[in-house]
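Enquirer: Sequence:
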Amino acid sequence: MVRGGVRHSDPEVIGAVHKDFKKQGIPINEWDMNVEKYKDSFEKAAYKDLYPNYYKDFLSEKSFEHFIAFRLLDIHPNEVFIDIASENSPIPEIF
Numbered sequence: 039m040v041r042g043g044v045r046h047s048d049p050e051v052i053g054a055v056h057k058d059f060k061k062q063g064i065p066i067n068e069w070d071m072n073v074e075k076y077k078d079s080f081e082k083a084a085y086k087d088l089y090p091n092y093y094k095d096f097l098s099e100k101s102f103e104h105f106i107a108f109r110l111l112d113i114h115p116n117e118v119f120i121d122i123a124s125e126n127s128p129i130p131e132i133f
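For what it's worth, my numbering labels the leading residue of the sequence shown as 39, then goes sequentially.
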């Protein structure tokens with residue numbers, strides 16, 4: 039059981055989560071991050087120019103979440119998706 043915040047970048051915490059997932063039979067898939075593709079995506083979206091106040095203190099994290107979501111979902115131009123937790127997200131304009 040988790041109580042309070044989780045140090046999500048702490049290797050010890052990540053290891054404990056992985057171990058607990060495996061113990062419960064929850065599969066974990068490794069995913070290689072392509073830094074150049076992320077940077078390219080960030081620049082094309084023009085977050086800093088077009089959305090300067092969007093999660094200003096957490097823009098790297100939010101833009102990375104967007105990048106991961108769209109890579110994993112593999113959404114194409116003729117497909118429709120709904121961003122349920124949008125909260126003023128620029129996603130409709132970016133993608």
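Think of the hints as simulated: they come from the structure by calculation, not from any bench.
Being a predicted model, the structure only gives us computed values, none of them experimental.
Do not rely on the hints blindly, as some may be mistaken.
To be verified - DSS-like, lysine-lysine: derived pairs with alpha carbons at most 27 Å apart:
1. K61 with K82
2. K100 with K86
3. K75 with K61
4. K100 with K77
Claimed, not checked - What follows is a set of in silico ranges between Cβ atoms, one per label pair, in the way DEER data are often shown:
5. F133 with P49: 14 to 22 Å
6. H114 with E50: 36 to 44 Å
7. S124 with D87: 18 to 26 Å
8. G43 with E125: 17 to 25 Å
9. E50 with I132: 17 to 25 Å
10. N126 with V51: 27 to 35 Å
11. D87 with E50: 16 to 24 Å
By construction, the Cβ of each residue, glycine as well, lies at the ideal position given by its N, Cα and C atoms.
Enquirer: If a hint holds in the structure, say so; if it does not, say that too.
Expert: These are the hints, each one checked on the structure:
no.	hint	result
1	K61 with K82	41 Å, violated
2	K100 with K86	12 Å, holds
3	K75 with K61	34 Å, violated
4	K100 with K77	13 Å, holds
5	F133 with P49: 14 to 22 Å	32 Å, violated
6	H114 with E50: 36 to 44 Å	40 Å, holds
7	S124 with D87: 18 to 26 Å	21 Å, holds
8	G43 with E125: 17 to 25 Å	20 Å, holds
9	E50 with I132: 17 to 25 Å	35 Å, violated
10	N126 with V51: 27 to 35 Å	30 Å, holds
11	D87 with E50: 16 to 24 Å	39 Å, violated
Hint compliance for this structure: hints 1, 3, 5, 9 and 11 are not met, and every other hint is.
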